[in-house]
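From first to last, the protein sequence lines are chains A and B. Heads up: the first sequence at position 41 corresponds to 41 in my numbering, and the numbers run straight through without jumps. Heads up: the second sequence at position 1056 corresponds to 1505 in my numbering, and the numbers run straight through without jumps.
I should point out that these hints are in silico values taken from the structure, not numbers from a laboratory. Backbone N, C-alpha and C fix where the C-beta goes; we use that ideal spot for every residue, glycine too. None of the hints are false.
Not everything, but these chain B residues come out facing chain A in the computed CB check (under 8 Å):
{"id": "1", "residue": "R499"}
{"id": "2", "residue": "C553"}
{"id": "3", "residue": "S565"}
{"id": "4", "residue": "K615"}
{"id": "5", "residue": "L618"}
{"id": "6", "residue": "S708"}
{"id": "7", "residue": "T729"}
{"id": "8", "residue": "Y745"}
{"id": "9", "residue": "A752"}
{"id": "10", "residue": "E990"}
{"id": "11", "residue": "L1568"}
{"id": "12", "residue": "G1576"}
{"id": "13", "residue": "V1613"}
{"id": "14", "residue": "S1614"}
In silico lysine to aspartate or glutamate, EDC-like type, Cα no more than 16 Å apart, as pairs:
{"id": "15", "chain 1": "B", "residue 1": "K734", "chain 2": "A", "residue 2": "D419"}
{"id": "16", "chain 1": "A", "residue 1": "K154", "chain 2": "A", "residue 2": "D165"}
{"id": "17", "chain 1": "A", "residue 1": "K161", "chain 2": "A", "residue 2": "D58"}
{"id": "18", "chain 1": "B", "residue 1": "K734", "chain 2": "A", "residue 2": "E438"}
{"id": "19", "chain 1": "B", "residue 1": "K734", "chain 2": "A", "residue 2": "D440"}
{"id": "20", "chain 1": "A", "residue 1": "K135", "chain 2": "B", "residue 2": "E1693"}
{"id": "21", "chain 1": "B", "residue 1": "K504", "chain 2": "B", "residue 2": "E526"}
{"id": "22", "chain 1": "A", "residue 1": "K161", "chain 2": "A", "residue 2": "D399"}
{"id": "23", "chain 1": "B", "residue 1": "K1147", "chain 2": "B", "residue 2": "D1326"}
{"id": "24", "chain 1": "B", "residue 1": "K639", "chain 2": "B", "residue 2": "D1126"}
{"id": "25", "chain 1": "B", "residue 1": "K1372", "chain 2": "B", "residue 2": "E1430"}
{"id": "26", "chain 1": "A", "residue 1": "K161", "chain 2": "A", "residue 2": "E389"}
{"id": "27", "chain 1": "B", "residue 1": "K734", "chain 2": "A", "residue 2": "D443"}
{"id": "28", "chain 1": "A", "residue 1": "K167", "chain 2": "B", "residue 2": "E1585"}
{"id": "29", "chain 1": "B", "residue 1": "K734", "chain 2": "A", "residue 2": "E439"}
{"id": "30", "chain 1": "B", "residue 1": "K1377", "chain 2": "B", "residue 2": "E1365"}
{"id": "31", "chain 1": "A", "residue 1": "K135", "chain 2": "B", "residue 2": "D1596"}
{"id": "32", "chain 1": "B", "residue 1": "K734", "chain 2": "A", "residue 2": "E425"}
{"id": "33", "chain 1": "B", "residue 1": "K1366", "chain 2": "B", "residue 2": "D1379"}
{"id": "34", "chain 1": "B", "residue 1": "K1372", "chain 2": "B", "residue 2": "E1433"}
{"id": "35", "chain 1": "A", "residue 1": "K77", "chain 2": "A", "residue 2": "D58"}
A few chain B residues that don't get close to chain A, going by computed Cβ distances all over 12 Å:
{"id": "36", "residue": "A584"}
{"id": "37", "residue": "A865"}
{"id": "38", "residue": "R1152"}
{"id": "39", "residue": "R1207"}
{"id": "40", "residue": "E1288"}
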Amino acid sequence: MRVMAQMSMVMNLDKCIGCHTCSVTCKQAWTNRSGTEYVWWNNVETRPGLGYPRTYEDQERWKGGWELGRGGRLRLKSGGRMKKLLEIFSSPTMPSLDDYYEPWTYDYDMLVSAPLQEHTPVARPYSLISGEPMKISWSANWDDDLGGSPTHMKDDPILAKVGEDIKAEFEETFMFYLPRICEHCLNPSCVSSCPSGAMYKRVEDGIVLVDQDRCRGWRQCVTGCPYKKVYFNHRTGKAEKCTFCFPRVEVGIPTVCSETCVGRLRYIGLVLYDADRVLEAASVPDEHDLLAAQRECFLDPNDPEVIEAAREAGIPEDWIEGAQRSPIWQLISRFEVALPLHPEYRTMPMVWYVPPLSPIVDRVAADGGDGEDSDTLFGAIDTMRIPMEYLAELFTAGDVDTIQTVLNRLAAMRTYMRDINLGREPRGEICEAVGMSEEDVYDMYRLLA
Amino acid sequence: MTSTDPRLDGPASEAILKAGRFFRRGTASDDLRTVTIEGGREADVFYRDRWSHDKVVRSTHGVNCTGSCSWKVYVKEGIITWEAQQTDYPDIGDDMPGYEPRGCPRGAAFSWYTYSPTRVRYPYIRGRLLELWRAARAEHADPVDAWGSIVSDTAKTAWYKRARGKGGLVRCRWEDAVEIAAAAHVYTAKTAGPDRVAGFSPIPAMSMASFGAGSRFIELFGGSMLSFYDWYADLPVASPQVFGDQTDVPESADWFNSSYLVMWGSNVPVTRTPDAHFMTEARYKGQKVVVVSPDYADNTKFADEWLHPHPGTDGALAMAMVHVVLTEFYARRATPEFERYAKQYTDLPFLVTLRTRSDGSVLPHKFVTADMVGAGVLAEDPGENAANKTVLLDAVTGRPVVPNGTLGHRFGEQGAGDWNLDLGEVDPALSLLEEREGTTEVVLPRFDTTRGDAGTITRGVPYRTIRGRDDDDNPTDLRVTTVLDLMMAQFGVGREGLPGDWPTGYDDPQPYTPAWQEEHTGVPAAQAERIGREFARNALESGGRSMILMGAGTNHWFHSDLIYRAFLALTILTGTQGVNGGGWAHYVGQEKVRPLTGFQQVAMGLDWSRPPRQMIATAFFYLHTGQWKYDAYGADTLASPTGENRFAAMSTPDLVAMSARLGWMPSFPTFSANPLDLGDEVAAAGVSAAEHVVGRIKDGSMRFAAEDPDGPGNSPKVLTVWRSNLLGSSAKGDEYFLQHLLGTDSSLRADQAPEGHRGRDMVWREDAEDGKLDLLATLDFRMTSTTLFSDLVFPAATWYEKHDLSSTDMHPFVHSFNAAIDPPWETRTDFDTFRLLAEKVSELSHGHLDTRTDVVAVPLAHDTPDALANPGGTVSDWKDGSCEPVPGRNFPKIVTVERDYRLIGEKFGSLGPLAEKAGMPVKGLLLKPDEEIGVLRRANGETRTGAGRGRPRLDTDIRMCEAILTLSGTTNGRLATQGFEQLEVRTGRELADLSRGESGKRITFADTQSRPQPVITSPEWSGSEHGGRRYSAFVINVERLKPWHTLTGRMQFFMDHDWMAEMGEQLPVYRPPLNMHELYGEPVLGSTDGSGGAGAALTVRYLTPHNKWSIHSEYQDNLLMLSLSRGGPTIWMSAEDAELIGVVDNDWVEAVNRNGVVVARAVVSHRMPSGTVYMHHAQDRTVDVPIAEASGKRGGIHNSATRILIKPSHLIGGYAHFTYAWNYIGPTGNQRDEVTVIRRRSQEVQY
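Make the full structure from the sequences, and use the hints.
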């Protein structure tokens, strides 16, 4: 056992209101500079939707992350390292500016300085890249709130995988939001892709960073990251990425995105994990086993053996305490309601998500069932507007059962708490039915609400 | 898991990696996957530098937003770098989620403005005006004369007015800008009257001192402050109608206490971003969430059920839910909890007379009041104010009684101690069914035909007979029934033994069953039925914790008052009002000024002179932007078939003028004479001002300006706008503004009313001149349509560059703005600009105005004995000779105010003596700041010379904030307690305990700088924070039996004013959206021009809901918000509609109707219902708006396709809870019922 500490995050998508405050505060604090106009370390995607950059999840196209090669060996999807080294001077597979968006501004000055003229002055758009007038046709968040929309749905890589006939029809509309930052993976393919050794994972907290002095701008990291969360600064010619706000985290302040999350859906904390198990976990053949494998890498911070090993590994006492108090451990390992984003990329991502629960009961109720009744509630989840297959393709490599289990737990919490709310006798059997104790459900409620 | 040793890649790369370990720093993991580095990370320094900063300053955003979020503003080397939300809100109790981090992406993007290229850095003036000014000043040493020489020359005025909005602004010196503005004010007051000067600035709660500085200047001058709440159509008129109150609602944390939440027309994640989490979290506590929205709005994501009625039919859905509640919880079986509530807190048991028409049909008529019944009929002598004491039947004795707490108990000596809801031994009979003498059919109006025409329904009620007043020998018997019996009839809830046409069941599509509503809304009948039942059942089980969270989506319709009355019927019948976690939760535009009393004192200049001139902005703009001239339909178009033809031959503007002359609503400019000249005349004539004014009106030598808005001198001349983008945002009928108020180019396409359709009393002037305003001046920090069209632009400090106060109804805190940096370039705070203006006006007044007596006409006022003036809401118009005009009864009150214009500057900077001499009125109380003046004198220092000698200083923004806090009950426990003690005398109920524990607490400005401060429970509001509970409206009414400020003292279902009867709206009723084809000849909804495909035209509903990427027009020009959205104006439409007219996502489209033209790009989504487009609110013409094909002019703002539509019933005043207060009641500037033709335009756009 080699105990390491990792700063990680869980986002409760069920609470996300899609407001993008996180994106703006992050951008304002970190990337509102020339060279990074198009860069949003934190972005929020509407799902269904194309994401940012567009279709980044289509790894057949973008070749990010790891895959299992011959003999079950893990290799970069973009090709083995030999191949990478040999191709270092060729243009890697990576999104163009168009796939992100062409940043622009306006000639705002006209509003003040326009001479007397025929028409009311206006500020028209100009490209920040070419300086030419432009028609804006894509942005950092173009398909916001569309729920896919007829034009864009066909290009959503997740919908393509789900393969079902999901229609762009008013009555069938569904959407939810997916805020994303760098995953600070346990098995970061960006770090492995870097020919310059400029990328590294901090030993004390696992934050993945780019050494700005050493980066040579090969951009292999951009290709290597399946989440496309390493960006190329076209002014400095170097890679930049989410730093997990290390200058803040180091002094005990949360990341900007967490502190400013108005939906209060971001949980951050330390996780202790066994570094010796990571590669093994990332190499399990069945993608559906990846979730369990990654969970097994995490160490129970209350286990005396783990505590001992952590001390031996030089992890300070207050960090161990931090890991014990960490909401991450609760959500991932105790309540098991948080799931990793695209475990099938095999990078062992460390920003996890509680999948969205709502809206749930309308169709059950329409059929005459009582949406508040616990007996129909679990059935209701089957008819949730958001197809469970869609969530499964995001969080469980397609394993629908796990999604259902998680959603059932959330629904059970609501039902259990409703009795308490209305002064009725709480029913422990609701908790049992989802494999939790009343204590667990109550604690989960306190943590989530 | 694999048992074999996991490996990476192949052997070759492994070899390279192994070798590589020795050539680079850091530690490669044993499995060679990754590299970790310890120490030696100097390259991190870039991000550490980036993060470093010198200071963090608390401030917030004073845009028109309910958020009132406290922010941290980061400053580095004197430059504002970015902002993040504060996280130091006080805890709100155990087992509740906290408030922080309140904020949203728009606020987070604010600092972009500080240094942006759209920042107004210097004063600007229209070039042509400057040219004229220089020439005039060369000729006239006196600036007032100089201004006069320009504006009295129509060639000159046309020359500069025609240039408005067309560029050509040039920099000028501050001195010149202030001089021009001051000269315009003085000249206007001298030649036309101070009531020809107006100020517009919305929603003081978001920055009280910035608002208050400007309004203090305007009011000291005698100008009119224009209202905003009703103008924005955010005022729910149903609130004063039902509650007798402007708006009072729960704080957002109280949503968490609800166990059944219906979000109805309020897209909480978008429009209540900082508060939304209370809703998402409440679900975890088992709250059921229902969303009612015509599109798949953002909040639908959180819904357990989504109901999507056709736009504007929400009232029908609510009516059906009420039908279910009345059927199942009142008619089929009695629900004791609901009945108890109904008897004590509602007008349901009160008796209403039934009137028999000449054809024998019977109509509900008036509340029975004590003066109507014969001697000895009532159990006790009713005493004074009998005409305002309403009567109910005591089920125990079977006798009519006047219960405590009516309007008649509120005023006068005898009522002291009896203005309460204590029923004593009385058990009100809710229905007369059991005790009936007989039954009778009543005729009730219906408006649910497809064309919106009116019809009637005949349904039975039980009645009894009461002996009428026998002051003659021939007493009349009154046939009476109860409000509940009428409600049952209205909602079609049949009961055994009653005659009339009743639905046979929920599936019978008669008004107002679930099946009936399905035909109108498209919502399945079973769903409407179930939600109605669940709402009530949950209320029953939870003790009233069912809530409807509502907003602009339903409130901006023409008939929104009726939609809301149906909602409120649901919340009141189920006993949810005044309960934490229950009741109505209306959020749009209201924003509580929690420290209300002190704010009103300083902001309205009440400390120096009273009354202030406060105008209903809707009527002001309706008249002065010429929109009234385009209303060709008769006012009776909207009347009920059960009415008495009261509106016959009259037009809507006729009714506006009538409301003004009867003293119902304010009207400034008031008369066709300068009120300062009237002052001189009064002095010369030696009669009272009232007598003089009435005399001149009666002899025809003077008339009300509202009857002749185009008459010479009858229009406003100077308008100052601050904290607002009127012309790029709230100006409904924007093109009418440009055309008539400003006299420049517009895209207005409508035709004026033809002869014979111009009303009865209005003066029609063919030669009316456009460009009524001589001066439009704006204070702003960014360029908007308003600054572009202004003659003068004052460069304003941003919210991060000044001191101010913020509060809201969304949370119970008061917190501060603070200057992170000093105002840069030549910018100044609003406070400083208005102070300069006040001083300059005083300087220029010498010899022009000096001291004058101003004759002010004031409407009958809410929360005063004026409410007693017209019992029964019976209307007679003195103009038709049926009675005499009597000021204070059927004519405005006439009050004189002496103004020494030379002292305005000095008065501005000191708190005047009336604060303690005349007291500080608030909600019918009169607070005495006997100790507070001393406190304030010590805190602020005292003025040593001039008019304010010995008075507390108000010469800085911080000192103004200090005065607001010191003089208000919510922030000064001593005053709160004093107010409650007054109320105790009137109500005879214990109340002062609610604040006595905090009598010694006074929140100072310094307190608000340290962290948000929770306010103190105060009689300024109806809820209680006592004991750390969450604020919910009417808690004091329910728990302490303090009456509502209505006629009955209870929540009112029935409204008996003559005009309510005329409109057919005595009871909640469904009225569909207006038919714009019938009213204005717009194409029929859904019609196409038949061409098909690209370029085809389709007529759709044109809705303007609030925008995700802006707060009104603020932020919609912000590069961060533009980068996260579509980069410019958009119109959302459904996939079906887009296909029908050949539009694909991001195509340029044009929306064209009679009001104007809008150019935008299409956003196509299946989340939109077909037949409706959304042009999100307040997309200005400043960013990426090309030239329109339809007009050849710059494409407009969202309000270029809308206009004002005045609903006659909103003009009612002078009666009980219909009496006027500013922003309290009045005609709304609603715009939801609009339609437009939309089509794909050429994709080649020109700018």
